[in-house]
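> Residue-level listing of the chains:
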Amino acid sequence: MKLFAAMGMAACVIGWTGLAHAQAKVCEKPRQMEGFKTCADVAKAEAEGAFVLYSTDPEPGQAKLVGAFNKMFPKIKTTYFRLQAGALYAKLLSERQAKSYLVDVVQISDMGMILDFQKKGGFTQYVSPEMAAFKPEFKSKPEGFWTWGSVIMGGIAYNPNQVKESEAPKTWEDLLDPKWADSINVKVSNSGLQHGVWFMLKPILGDDYFKKFAAQKPRAFDSYVQQYGRLVDGQDKIIMGAQYSGYLEFKAKGAPLNFVFPKTGVPAVSETYGIVAEGPHPNASQLFMDWFLSPVGQKALADALVLHSPRDDVPPPGGGVALKDMKLLIPADWDAFQKDRPSFAKEWDRIVGARR
Amino acid sequence: MALIPTGALRPRFNWQPVVTGVVVLLVAFLVILPLVFLVEESLNTGDPMAFPPEQYGIANYVAIFDEDINVLFNTLIIAVMATIMAILIGFTLAWILTRTNVPGREKLERLMELPYYMTPLVGALAWAVIAGPKSGFVNQLWKASGGTGNLVDIYGYFGIAWVMALFEGTVAFVMIAASMKSMDPALEESARVMGASKFRTMLTVTLPLVMPGVLGATLFVFAEMLGSFAAALVIGIPARIYVITTAIWDSTLSYPPDYGRASAMGLSLFVVMFGMLTFYRWRINKGSFATISGKAFRPRPMDMGKLSWLLLGLCCLYIFVSVVLPIAALLFTSLQRFATVILSQSEFTLANYRTALSLGPVRIALVNSLSLGFGVASVGVVLMAVLVWIIYRSRMVGRGAVEYLVMFPQAVPRLVFGLALLWAWLNIPIPIYGTLWLLAIAYLTVMLPLGVRTIAGVVLQIDKSLEECARVCGAGWLYQMRTVTMPLLKPGLLAAWLLIFMACVRELGTSVLLMGPNAKVIAPSIVNAFASSGTELTAAMALIQTATVVVALIILFRLSRGATRELQ
Amino acid sequence: MSTTRIEISDLVIRYGEATAVNGVSFTVGQGEHLTLLGPSGCGKTTTLRAIAGLEQPASGSITIDGRAMFDGAKRINVPTEDRGVSMVFQSYAVWPHMTVFDNVAYGLRVRKQDKGEIKANVERALDLVQMRHLADRGASKLSGGQQQRVALARAVAFSPTVVLFDEPLSNLDAKLRAEMRVELRELQRRLGITAVYVTHDQEEALAISDRVVVMNVGVIEQIGTPEEIYNRPKSHFVADFVGSANIIKGKLTGPGTFATEGGVPLRVTAPHAPSGAETEVALRTAYIGVAANPGDNQVAGTVHQRLFHGDFVQYIVDTPLGRLIVRRPPTNLLAEGAQVTLSFAPEHCVLLQV
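Residue numbers (my numbering), protein chains in the order written: chain X, -18 to 337; chain S, 6 to 573; chain G, 1251 to 1604.
In short, the hints are calculated from the structure, not lab data. All of these numbers come straight from a predicted model, not from anything done at the bench. Incorrect hints may have been included.
[Stated by the list, open to error] Simulated pairs of lysine-lysine, DSS-like, Cα-Cα distance not exceeding 27 Å:
1) Lys232/X - Lys139/S
2) Lys469/S - Lys198/X
3) Lys1324/G - Lys495/S
4) Lys139/S - Lys198/X
5) Lys101/X - Lys6/X
6) Lys469/S - Lys1362/G
7) Lys495/S - Lys145/X
8) Lys1501/G - Lys469/S
9) Lys469/S - Lys160/X
10) Lys151/X - Lys139/S
11) Lys139/S - Lys160/X
[Said to hold, decoys possible] To list a few chain G residues with every Cβ distance to chain S over 12 Å, as calculated:
12) Glu1305
13) His1383
14) Arg1404
15) Met1430
16) His1486
[Said to hold, decoys possible] Examples of chain G residues toward chain S, derived with CB under 10 Å:
17) Thr1507
18) Thr1510
19) Arg1577
Beta carbons: idealized from backbone N, C-alpha and C, even for Gly.
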């Protein structure tokens, strides 16, 4: 009897600690840095001396973001690498297969891929003190595997020098007007945002919508930089699913652009960040996450890439509309979103005349 | 009077078999191993990322004909168009510069090499700006002078072929010019002596004699065009025209990456190219890989009279179209705030250059490319010199096989080789994937044909008896290589070093798949910038790269001229 | 110490399908100058290079100073650099990237002599060829004749006992060739070198050799001293190749008598025991007189053509023996069409072996 009791107690203790491990908590005494709290060992992070980010954001923007981090911690040299979501995820998986652990933190704009990576054990769990400020729908359950770094939304953009405001499209349905044939551009199927646009608009606008949209012969590009560039120099007239942050960025540089928020709503997805398991600089990664997820880091993100923060206490970036003032269409079931990807990719490639 | 007898020769260790063995094994490892991986992956019909493959089959090959038949179609059409244009341009220029008395011939011949240094990537970017629809420079001028619609649209089959022909067709010029130069002038002279007119001589004597050279160049250029990547990437993709190389690239960049399909496509392309190059070698080159063989005569140039100014104009037009215009277009673009050719909207600034040069990764990429060029060239020439000696001078059994091995990478399109290396090193348990070491290995391998060909040209001119005499005087193999062979090879080694260095800095196809965050190199960085940084920044980066190569070129040419003067 | 320096035995050398040297045997004595003579393709250069180790024979043996350098049966093949023989190449093979001094010093440096010894030996060698004053000149700046001397100096600098010569004079013009011939012979005698010499120039071979080996399509036709080869050629080939000869066809009718095809009886000499099947007699053009001489063979003829060669005059004379070529000193020239009586001694009518 006593033996059973002892074993039972032992089992409980083991089980309890096991559970406790799964429900990791923030560290006991987070250190207060300039503007953010951290659980990372700063000395160790600086000793590691380097930090590598993979992200889908355009390179100049990434450079500014990690540059801001480097300014605060000059001993930590920062490097980044950019590819569109599908390509980035493909590369990430390939590297892990080769047992090449080159990256510390990864940002992918497709939640399906994020969830897939989590299932594969690709993320390491680190609970940052800053994560408390994020609503539960913006972070992993249990928290610490991944967190939303920003929210991106896609509307309609056009060049007022090429398209008169009176004639410009105001709704998604307006884009089906034959006069816009051969002058609309979109993102490639690798893009998380484009997937979000498809996933959210299809049920609302009907299956037919995208079939008719295909008749407009849209051209697909890898990055919003190309899309907006073509708008500015007149090669295209309209962007469908235009990334709002791109609009703000180009407008700030003085480009002639207008942005439309259709009444139906703007599909939105997240740019999600997480620390990669077996990364080469674990302490620097933790320090980065703490900095990045804090108002200081989120502001740096806004300065670098004009992106919206999921945090309530961070104002919208440069002259942009606040999140709460937009009608955001965010996928509710990320699992369904993930499962939808292969059929989306196939259909979308057909629509834009890509290979398959 | 007798000479005082000297000491006998001490017995020495014979280094020749050891060095030979090591070198041959190394080359086999570099060249064959990745291709083995590629073949295996192309037969993978299960999960494309699994290694070793779970299922084998030829489904990938079948699928090419099922789903990607238009890709094959595109590749063929564009390659044919590009080849025809390249041969026409090459033939015309070669004839003008070797057979007529156009003024400034020597200078012009030098200038003809410039488009090669421009790199097809930079050329494609430039022509996209020049001849883009609606807002390219040409169309802007057209609209301004009252035209409607587009005069030209680079985004089409012809556009891609045009850019390929301009920048990758220099090879055609070099080969045809060489074949024209190696014609014995006495053959034409005897026709003239018998009363044939200039024109009749050209038609009945010159043309038939030059034909084999032209056909050879055609075959060679066509094979190269099949594997071309840069123009198809920059101009083809926006035009929704995919060729095999861009299809392969695309396969590896989507999620999930389809390495099986990519491998199958790569191997198919390789087999076709290999077949053509083998045919070329067998029929036209009579078994040698040297594209230029035999003595070069100095044929007497024909006096074209007033016509020679027109011909000069043609040459200048070519240089304008392939060098001056693209550089000017890129310069203009790089100085703008927005890449817009709509002049009313443009604002000018030097900010792009500041950004480009301050962007850590651009600087690092440039430094990496230069370092790789330096390292690979230096190690490469030594390795290649030994290889050349083994193939052309030793009596080693199987040296023909070594020549084949070394020339192999020429038949593999760079991108496909990059893919093979990618897949091989993803699965070999030595973690060099994503590092500069992998790029160094890749570069060394793909540069083997170039270096060996260059050095071989020099070796074959060295009288064998110079080396035999050293052996007769008692020198062992290593001593002979060090004191006689290597010094005599100096001009060839220098030339090979230069060519390899420049080829490394320009390299795109192999590097684009093997780059990592710590292993950025300049040409793929420009491609990335094109996608994510806007045309103005890309233009600035492209010009910086071109300028770097040109400066390096000038410095090295000065140095080499000094060194070869010693040997004169 | 044996007196035989080099021994070649049943040497066979093949190039792919073709056999370049087909069973060649000869010896070279100490201090002897032996020449391999023959037309191009006869295998003489191949044989020479095999002695140096630059060609790989299929079978046979090569022994130098009692040391087996190559033995097909015993699978011995000493590499070139260990054989200790020296060679002068047809193209001189003077290294253009070195000075004259460095060229000559090469073999000495390989043998790791010290600086002082090297200097002494190089200067001695250059003195032998009168090139000491050009010791510091770059080798690429020399004329053909000068390069030849440097090649020679280099070959003897490390005091080899055997020197091989591969047509060393064939790239020089006629006058220089004649001069160098003499110098070479002098040098070889003075240094006591054993020389194996290859040439296609039969005049040269006869002038400077102790013995001559006449080769044709990979086999030896005849070995002998120059006088033997010239005066008693064994075969049609030797008679034809060496010197200038008339070949008269006919039948042996008795010991020392020969009936020509034209029916003219001749008294002839047979250097070997005749088998009776011999059908040719060789008569040197230089041994025919243009006056009657009853003790010798005589035949009447008409001068068909006369060519004045400077040092001699050549007549083609129509006779009952056929067209004979006659070479005479260049005086008392006969006119074309003149009648003449030709006379030649029996010992100059050599019966050729079959």
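> Holds or violated: Lys1501/G with Lys469/S, Cα cutoff 27 Å?
Measuring from Cα to Cα gives roughly 51 Å; hence the hint is violated.
> Between Lys469/S and Lys1362/G, is the straight-line Cα distance small enough, at 27 Å or below?
holds, 25 Å
> Straight-line Cα separation of Lys469/S and Lys160/X no greater than 27 Å?
violated, 76 Å
> Can Arg1577/G be said to touch chain S, with a Cβ gap under 10 Å?
violated, 38 Å
> At 12 Å, judged by beta carbons, does His1486/G keep clear of chain S as stated?
The claim holds: His1486/G sits with its nearest Cβ about 35 Å from chain S, beyond 12 Å.
> Minimum Cβ distance from Thr1507/G to chain S below 10 Å?
violated, 53 Å
> If you draw a straight line from the CA of Lys469/S to the CA of Lys198/X, is it 27 Å or shorter?
violated, 66 Å
> Keeping to a limit of 27 Å between CA atoms, is the pair of Lys101/X and Lys6/X held or broken?
At roughly 22 Å apart (the allowed maximum being 27 Å), Lys6/X and Lys101/X satisfy the hint.
> Within 27 Å, alpha carbon to alpha carbon, are Lys139/S and Lys160/X?
holds, 16 Å
> Tell me if the straight-line CA distance from Lys139/S to Lys198/X falls inside 27 Å.
holds, 17 Å
> Please verify whether Lys1324/G and Lys495/S have alpha carbons no more than 27 Å apart.
violated, 42 Å
> Taking the closest pair, is the beta carbon of His1383/G still more than 12 Å from chain S?
Holds: least Cβ distance 20 Å, greater than 12 Å.
Hint compliance for this structure: hints 2, 3, 7, 8, 9, 12, 14, 17, 18, 19 are broken, all remaining hints hold.
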